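Q: What follows is the residue order along each chain.
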Amino acid sequence: MNLKLTIVVVEEDRDRAVAIVDALTQSGDCEVFVIGTTIGLARKIAAHAPDVVLIDIDNPTRDMLEELTLASGPLERPVAMFVSGAAGSLARAAVEAGVSAYVVDGLTPERLKPVMDTAIARFQMVRQMRNELAETRRALEERKVIDRAKGLLMKAKGLDEVQAYALLRKAAMDQGRRVADVAEALVTASGLLS
Amino acid sequence: MKTVTLPVAYMPLVDAAPLIIAQEMGFAEAEGLALDLIAAPSWSSVRDMLAFGRVDAAHLLSPVPVAMAMGLGGVTTPLSAVSVMSVNGDVIGVGRELEQRLRDIGYGFDFADALKAAQALAQVTKDTLVFGAPFPFSMHVELLRYWFERSGLSEKQIKIRTIPPPLMAEALSTGEVDAFCVGEPWGSVAVDQGAGALLLPGTAIWRFAPEKVLSVRQDWAETEPEKLGHLIRAVWKAGQWLSLPKSKTTAAEILSRPSYLDVSSELIDRALSGHFTISSRAEQRTVDDFIGFHAGTTNFPWRSQAKWIAHRLSLENGLSSSEAQRLGGAVFRSDLYRKHMIGTDADLPGASEKLEGSILHITAVASQKGELSLPPDTFFDGQIFDPDEAH
Chain Y
1 MNLKLTIVVV EEDRDRAVAI VDALTQSGDC EVFVIGTTIG LARKIAAHAP
51 DVVLIDIDNP TRDMLEELTL ASGPLERPVA MFVSGAAGSL ARAAVEAGVS
101 AYVVDGLTPE RLKPVMDTAI ARFQMVRQMR NELAETRRAL EERKVIDRAK
151 GLLMKAKGLD EVQAYALLRK AAMDQGRRVA DVAEALVTAS GLLS
Chain G
1 MKTVTLPVAY MPLVDAAPLI IAQEMGFAEA EGLALDLIAA PSWSSVRDML
51 AFGRVDAAHL LSPVPVAMAM GLGGVTTPLS AVSVMSVNGD VIGVGRELEQ
101 RLRDIGYGFD FADALKAAQA LAQVTKDTLV FGAPFPFSMH VELLRYWFER
151 SGLSEKQIKI RTIPPPLMAE ALSTGEVDAF CVGEPWGSVA VDQGAGALLL
201 PGTAIWRFAP EKVLSVRQDW AETEPEKLGH LIRAVWKAGQ WLSLPKSKTT
251 AAEILSRPSY LDVSSELIDR ALSGHFTISS RAEQRTVDDF IGFHAGTTNF
301 PWRSQAKWIA HRLSLENGLS SSEAQRLGGA VFRSDLYRKH MIGTDADLPG
351 ASEKLEGSIL HITAVASQKG ELSLPPDTFF DGQIFDPDEA H
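Taken in sequence, the protein lines are chains Y and G.
Under the numbering used here, the first residue of the first sequence carries the number 1, and numbering increases by one thereafter.
Under the numbering used here, the first residue of the second sequence carries the number 1, and numbering increases by one thereafter.
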């Protein structure tokens with residue numbers, strides 16, 4: 001068989017989708033379509049009659065794809081999340097990397113492997129970037145709250161910035177809590193009292 | 001006592017309460033367990049995490065492990081349902097347009113009579129009716145299909161589409177679905193957002209439907225009997241605590257936290273108390289036993305419940321019922337439940353199967369300790385399911 005593989009990637013974020021499509025196209029002879037996560041997903045996917053459907057494991061619309069596994073019409077192709085035989089370890093690696101793949105029945109592991117190897121690597125990278133971004137955002141948010149708490153203490157108790165931070169840190173240590181949590185409690189309480 | 005950490009997946013729903021309460025109120029700790037609770041974004045994700053070993057136990061839709069044993073769906077790793085975590089707890093609702101059409105014919109939204117509701121729906125349905133449900137293998141779908149079939153509603157063109165509950169309000173407003181069946185708090189959320197009105201509680205179709213099961217991998221159940229015993233008992237004690245009237249406010253507060261359901265405790269309280277606001281006109285309805293976590297034999301995984309699910313799935317998928325019941329019935333592990341609950345306060349029934357739908361009133365049956373009361377389990381059409389007779 002030297003027919004092109006048809007792959008559908010379900011991904012809302014355009015940049016992420018482009019990165020995945022580029023990698024897949026480079027890895028082999030395949031045609032890749034991207035579908036955003038919308039209502040009516042299963043029907044839109046079925047219209048492309050794909051061999052493989054890739055979707056982020058954390059995507060809440062994933063359950064809509066489960067309908068594909070039940071396709072029973074004469075023109076519909078049954079899809080399975082491959083788990084048995086030679087593809088089993090691929091499936092496990094995919095789940096760990098955060099991608100789930102729905103594969104048309106009968107697609108051999110030999111044809112599937114290059115696609116999955118690429119998808120796994122790419123999703124892993126995307127996931128890592130997303131986690132880093134979330135972590136950075138959280139750190140920024142916390143810093144903002146700590147700054148506000150310091151400001152409140154400086155104003156209320158006539159402290160300088162270093163003293164205000166020292167007071168926050170001491171309160172956190174005494175209560176066995178994080179500085180950011182104490183700062184947030186202070187900001188919330190002061191909002192209620194003002 | 002040293003605690004063992006156990007990763008457990010769940011979907012953020014009111015009926016995940018036994019796991020959340022087991023951890024938060026110390027029932028897990030008393031059994032030497034620390035539950036590492038992982039909120040999943042979808043049911044496929046819960047199933048995959050369990051099947052591929054990312055977690056050791058999960059809050060799962062009761063038909064999922066049965067369907068998997070029958071070879072239906074994407075994954076077929078053998079799972080065991082070791083106890084029933086909750087009975088009932090679903091609501092059926094309609095979008096604004098259908099609500100208006102129902103009001104136009106004078107339908108009173110009694111939130112009780114399944115047959116009347118079906119007749120009213122049939123009267124206002126022109127050609128097709130599309131229902132949204134959270135997952136293809138779910139009690140939601142089984143209740144809907146049973147209701148359509150036995151009420152004459154199936155004479156209309158009806159479709160069921162999978163819609164994740166958080167997207168149900170959007171699906172209603174775009175017209176992708178006309179009506180829905182979801183677990184709480186999502187029905188109340190839809191009402192609160194002005195997306196629709198509630199038509200029936202799940203209990204109006206089947207009064208004792210096994211909704212969610214505590215599920216583990218079959219091989220894990222064999223290799224980790226001690227952990228399994230601790231887990232079953234911790235969840236059982238949490239269900240007992242949840243069944244106390246005085247626990248409801250605390251339970252609603254805990255469930256509403258951002259790390260769990262992240263919806264207001266007032267919305268969660270509706271399911272726990274059975275006091276519903278069914279429409280944006282603020283109409284109030286009360287349902288007895290809307291959701292059950294403990295009473296009678298709630299947590300006992302009756303083989304006949306699994307066989308009912310398997311039988312229904314076999315009809316829908318053109319499979320042999322006796323074969324489906326053989327494969328699917330074995331998934332509900334009444335044997336393991338007995339083994340691990342002996343020596344607790346829990347009373348165990350003498351039998352592992354019952355005639356589903358045969359109990360009209362609270363009935364005392366023979367049990368290990370003498371007498372145990374079974375709650376009513378009737379279907380709206382009065383039919384009785386006898387596993388041995390069903391084909």
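Hints may be right or wrong, so weigh each one.
Mimicking DSS-like on lysine-lysine, the simulated pairs with C-alpha atoms at most 30 Å apart in a straight line are [said to hold, decoys possible]:
(1) Y:Lys-44 <-> G:Lys-156
(2) G:Lys-339 <-> G:Lys-369
(3) Y:Lys-144 <-> Y:Lys-157
(4) Y:Lys-170 <-> Y:Lys-157
(5) Y:Lys-113 <-> Y:Lys-44
(6) G:Lys-227 <-> G:Lys-159
(7) G:Lys-339 <-> Y:Lys-44
(8) G:Lys-227 <-> G:Lys-369
(9) Y:Lys-44 <-> G:Lys-369
DEER-style ranges, computed between Cβ atoms [what the hints assert, rightly or not]:
(10) Y:Arg-143 <-> G:Gln-284: 34 to 42 Å
(11) Y:Asp-29 <-> G:Arg-103: 55 to 63 Å
(12) Y:Leu-159 <-> G:Ala-295: 52 to 60 Å
(13) Y:His-48 <-> G:Lys-126: 29 to 37 Å
Output of the computed footprint for chain Y on chain G, the stretches with three or more beta carbons under 8 Å from beta carbons of chain Y [as the list claims (entries may be wrong)]:
(14) 36-49
(15) 124-136
(16) 259-268
Hints in this document: simulated from the structure, not taken from any laboratory.
As the structure is a prediction and not an experimental result, all values here were calculated from the model.
Glycine residues also receive a C-beta, built at the ideal position from the N, C-alpha and C atoms.
Q: Quickly compare the C-alpha distance for Lys-227 of chain G and Lys-159 of chain G to 30 Å and report which way the hint goes.
A: violated, 42 Å
Q: With 55 to 63 Å as the target window, see if Asp-29 of chain Y and Arg-103 of chain G comply at their CB atoms.
A: Taking Cβ atoms as reference, Asp-29 of chain Y and Arg-103 of chain G lie about 58 Å apart, which means the hint holds.
Q: Given the range 29 to 37 Å, decide if the beta-carbon distance of His-48 of chain Y to Lys-126 of chain G lies inside it.
A: Because 32 Å falls inside the window, the suggested range holds.
Q: Does Lys-156 of chain G sit within 30 Å of Lys-44 of chain Y, going by the straight-line distance between their CA atoms?
A: holds, 25 Å
Q: For the region 36-49 of chain G, does the count of residues with a C-beta closer than 8 Å to a C-beta of chain Y reach 3?
A: Satisfied; 7 residues make the cut.
Q: Are the Cα atoms of Lys-144 of chain Y and Lys-157 of chain Y separated by 30 Å or less?
A: holds, 20 Å
Q: Decide if the proposed pair is consistent with the structure: Lys-339 of chain G and Lys-369 of chain G, CA atoms, cutoff 30 Å inclusive.
A: Satisfied, since the Cα-Cα distance of roughly 15 Å is no more than 30 Å.
Q: Has the hinted range 52 to 60 Å been met by the Cβ atoms of Leu-159 of chain Y and Ala-295 of chain G?
A: holds, 58 Å
Q: Between the alpha carbons of Lys-44 of chain Y and Lys-369 of chain G, is the straight-line distance 30 Å or under?
A: violated, 57 Å
Q: Taking 8 Å as the Cβ threshold, is the statement that the region 259-268 of chain G is covered by chain Y upheld or broken by the three-residue rule?
A: violated (count 0)
Q: Three residues minimum, CB to CB under 8 Å: does the region 124-136 of chain G make the cut for coverage by chain Y? Let me know.
A: holds (count 3)
Q: Could you tell me whether the CB distance from Arg-143 of chain Y to Gln-284 of chain G stays inside 34 to 42 Å?
A: violated, 47 Å
The structure does not agree with the numbered hints 6, 7, 9, 10 and 16 stated previously, though it agrees with the rest.
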